[in-house]
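Residue numbers (the numbering used here), protein chains in the order written: chain B, 1 to 473; chain L, 474 to 686.
Keep in mind that a hint or two might mislead.
What the hints assert, rightly or not - For lysine to aspartate or glutamate, the following DMTMM-like pairs were computed, each having C-alpha atoms within a straight-line distance of at most 25 Å:
hint : chain 1 : residue 1 : chain 2 : residue 2
1    : L       : Lys504    : B       : Asp337
2    : L       : Lys655    : B       : Glu47
3    : B       : Lys9      : B       : Asp316
4    : L       : Lys655    : B       : Glu22
5    : B       : Lys254    : B       : Glu47
6    : B       : Lys191    : B       : Glu313
7    : B       : Lys191    : B       : Glu88
8    : B       : Lys330    : L       : Asp518
9    : L       : Lys655    : B       : Glu391
10   : L       : Lys632    : B       : Glu22
11   : B       : Lys9      : L       : Glu664
12   : B       : Lys177    : B       : Glu207
13   : B       : Lys9      : B       : Glu207
14   : B       : Lys440    : B       : Asp337
15   : B       : Lys284    : B       : Asp337
16   : L       : Lys680    : B       : Asp100
17   : B       : Lys69     : B       : Glu273
18   : B       : Lys69     : L       : Asp678
19   : B       : Lys440    : L       : Asp488
20   : B       : Lys46     : L       : Asp488
21   : L       : Lys504    : B       : Glu88
22   : B       : Lys46     : L       : Glu664
23   : B       : Lys330    : L       : Asp488
24   : L       : Lys598    : B       : Glu313
25   : B       : Lys254    : L       : Glu664
26   : B       : Lys9      : B       : Glu22
27   : B       : Lys165    : L       : Glu596
28   : B       : Lys69     : B       : Glu403
29   : B       : Lys51     : L       : Glu634
30   : L       : Lys539    : L       : Asp518
31   : B       : Lys165    : L       : Glu634
32   : L       : Lys640    : B       : Glu22
33   : B       : Lys440    : L       : Asp565
34   : L       : Lys508    : B       : Glu88
35   : L       : Lys680    : B       : Glu88
36   : L       : Lys604    : B       : Glu313
37   : L       : Lys604    : L       : Asp488
38   : B       : Lys330    : B       : Asp315
No wet-lab data here; the hints were simulated from the structure.
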Amino acid sequence: MNPRTMYRKIWDAHVVHEAPGEPSLIYIDRHLVHEGTSPQAFAGLKEAGRKVRRPDLAFAVMDHSVPTKNRNLPILDEAAMGQFSALERNCREAGITLFDMFSHNQGIVHVIGPELGITQPGQTIVCGDSHTSTHGAFGTLAFGIGTSEVEHVLATQCLSQYSSKTMHIVVNGQRTKGVSAKDIILAIIGKIGIAGGTSRVVEYSGEAIRALSMDGRMTVCNMSIEGGARAGMIAPDDTTFAYMEGRPYVPRGKAFQEAVERWKALATDPGAEFDATVTLDAAKISPQVTWGTNPGMVTGVTERVPDPASFHEADDQKAAARALEYMGLKAGTLVVDIPVDRVFIGSCTNSRLNDLRAAARVVAGKHVSRTLKEALVVPGSMTIKAKAEAEGLDKIFRDAGFEWRDAGCSMCIAMNPDVLPPGERAASTSNRNFEGRQGKDSRTHLVSPVMAAAAAIAGHFVDIRDWNVDATE
Amino acid sequence: MQPFSTHTGLVLPLDRINVDTDQMVPKQFLKLQTKQGFGRVLFYDWRYLPGEKPNPDFILNQPQYKGASVMLARANFGCGSSREHAPWAVADYGFRVLIAPSYADIFYNNCFKNGILPVTLPEEKIEELFKRAEKESGYSLTADLPNQTISDAHGLNLKFEIDNFRKHVLLEGLDDIGLTLKHEAAITAFEQAQHPSATMYEPVDAKYSPKQP
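Take these sequences, add in the hints, and give me the full structure.
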């Protein structure tokens, strides 16, 4: 057989039906469901008189609109309450496993899937959420879908798909102290652009990727979509297997060893060809800060806010000028001179235990700047929250002036009460800095957890490398 | 789904690259449980000033574009979130045709589920269309899906490429799920051969866990 990429191997193993000139029918191993994009899908199913084909392969969680404090109080947002009730009803009727907001295992869908071992190498995973690419960190083919496709998967456990082109992103060398997985992916997006991966599935490899923990790998794959890619993946290895062993949905004993052998065979064959290859040197990546209104508008922390005239294309010049106006920034300003009003540490990108540990190392024994209006830490899951508390991280954050919250998407999408007010500027560990993303007329700078933590202490961006803190997540 | 064959309509030239789906439908409207009525909130933050007063600077509010049903857009249209609320809003407002040099994958895919024809044309053709739309008040375009052309009243006629299967589904207004269920036997055979399952080996704190098959 010709050498195959990991993507091709997983694809081939899931083809249910194919015919010339038609998209292939692909079987879906895991369907993750949340309250935001599923009500219309369940309603459509009911309207057509169809049933959920494989409720045992679907897992639902409340994350997008959940409050991150005082969960025992009534929820005043009636629309959010409506979503929760709908998800509860739909899961009850179909017999779908639900982690509601009172579950000890509740959390952001892309955090709890891996954490519970629902996510496993070699699987196809979909969810009505673009950051489903996160799960690719385990060597899965995982991508976001729209609500019509959510309905499709509920009804058929399949999706009609065209195979994608592939892109190999190789990050060679070792990152320097203070540089995190978030900086690696932001630097990649800065290089390929936010549409650089469009209609492609990315495989990340290279020494710097191999050196990452699963938490770091998830951060990288999470933001594949911000580079336009449908999915991003990393071949499973001993780091992956060690992470997986003992998780609730992962086989035990001999069955686990057999699974590991199968998972090892997923890696791209030597000589397999990618449609495109991009190479980066990790040693040259500095801590990254976005200055504009999409994740590709990013630069190193020691740089200045760019002059729109410095872009080659007229469209890019216009977009940069508009972004600077929205962000309230002047071209030429040093990134470290940008003050921040609020800090958000959380989201499916950067809310895992190692992210929180790294941020805690930065703030330990210090206090947030007096100029700061709010500093939030929102763990990715209630399990992470509990583990962090067992290590005393909550105390470190609280002592430093941070709020310590319950798990959810929170200020990344601001569907719950955690909203960035108009005109205010945040250092945020989330994934999107689009206009209005964290709140109407709010201004987002995407950074790593250690960079966000340091900005909270200083009241403005700082080069975390000067603080000599271990950023390893 | 509403079938699509040909459509002639007023052109709205939206001259911005990388228009993301957060702009099409901001987060606060993702809590609605219907697919209808999103036209009112399309481009909400750009379109309205405080108090939902129309922002006269935003092109959608300008009287000459009232009733537009063909949106001319720039590269990477529909990037970001997978929210299908974005194409729901586009369709509910009355747009049936999008014309852009490129689209983000998920949004592009979602358009076909909602009877919207997303036409892709090279940058230089898009530039020409922008010039014409900005020069001529009431500029209209016709999208002809069977013949895969975009044309105007002045003899401009541009051929566009589209996948044959997607074209067929759009022309017939076919139900995707219905199409897939024709392969029910293949799905069952796959399940019998591969035994996809999700076994729980240690209890989790969840509700409504299904019986293991």
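The hints, checked one at a time:
1. Lys504(L) - Asp337(B): violated, 38 Å
2. Lys655(L) - Glu47(B): holds, 19 Å
3. Lys9(B) - Asp316(B): violated, 38 Å
4. Lys655(L) - Glu22(B): holds, 14 Å
5. Lys254(B) - Glu47(B): violated, 45 Å
6. Lys191(B) - Glu313(B): Cα-Cα ~16 Å, so holds.
7. Lys191(B) - Glu88(B): violated, 43 Å
8. Lys330(B) - Asp518(L): holds, 23 Å
9. Lys655(L) - Glu391(B): violated, 54 Å
10. Lys632(L) - Glu22(B): holds, 22 Å
11. Lys9(B) - Glu664(L): holds, 18 Å
12. Lys177(B) - Glu207(B): holds, 15 Å
13. Lys9(B) - Glu207(B): holds, 23 Å
14. Lys440(B) - Asp337(B): Holds. Lys440(B) to Asp337(B) sits at ~24 Å (cutoff 25 Å).
15. Lys284(B) - Asp337(B): The hint holds at about 22 Å.
16. Lys680(L) - Asp100(B): holds, 8 Å
17. Lys69(B) - Glu273(B): Violated, at about 49 Å.
18. Lys69(B) - Asp678(L): holds, 20 Å
19. Lys440(B) - Asp488(L): holds, 22 Å
20. Lys46(B) - Asp488(L): Violated. Lys46(B) to Asp488(L) sits at ~40 Å, over the 25 Å cutoff.
21. Lys504(L) - Glu88(B): Holds - the C-alpha atoms of Glu88(B) and Lys504(L) are around 15 Å apart, at most 25 Å.
22. Lys46(B) - Glu664(L): holds, 24 Å
23. Lys330(B) - Asp488(L): Holds: Lys330(B) and Asp488(L) sit about 23 Å apart, inside 25 Å.
24. Lys598(L) - Glu313(B): Distance ~17 Å between Lys598(L) and Glu313(B) Cα, so the pair holds.
25. Lys254(B) - Glu664(L): holds, 24 Å
26. Lys9(B) - Glu22(B): This hinted pair holds, its Cα atoms lying about 20 Å apart.
27. Lys165(B) - Glu596(L): Given pair Lys165(B), Glu596(L) holds - Cα atoms ~22 Å apart, limit 25 Å.
28. Lys69(B) - Glu403(B): Measuring from Cα to Cα gives roughly 10 Å; hence the hint holds.
29. Lys51(B) - Glu634(L): Since the Cα atoms of Lys51(B) and Glu634(L) sit roughly 36 Å apart, the hinted pair is violated (cutoff 25 Å).
30. Lys539(L) - Asp518(L): holds, 18 Å
31. Lys165(B) - Glu634(L): holds, 18 Å
32. Lys640(L) - Glu22(B): holds, 11 Å
33. Lys440(B) - Asp565(L): holds, 23 Å
34. Lys508(L) - Glu88(B): holds, 20 Å
35. Lys680(L) - Glu88(B): holds, 9 Å
36. Lys604(L) - Glu313(B): holds, 17 Å
37. Lys604(L) - Asp488(L): holds, 11 Å
38. Lys330(B) - Asp315(B): Distance ~19 Å between Lys330(B) and Asp315(B) Cα, so the pair holds.
The structure shown violates the earlier hints numbered 1, 3, 5, 7, 9, 17, 20, 29.
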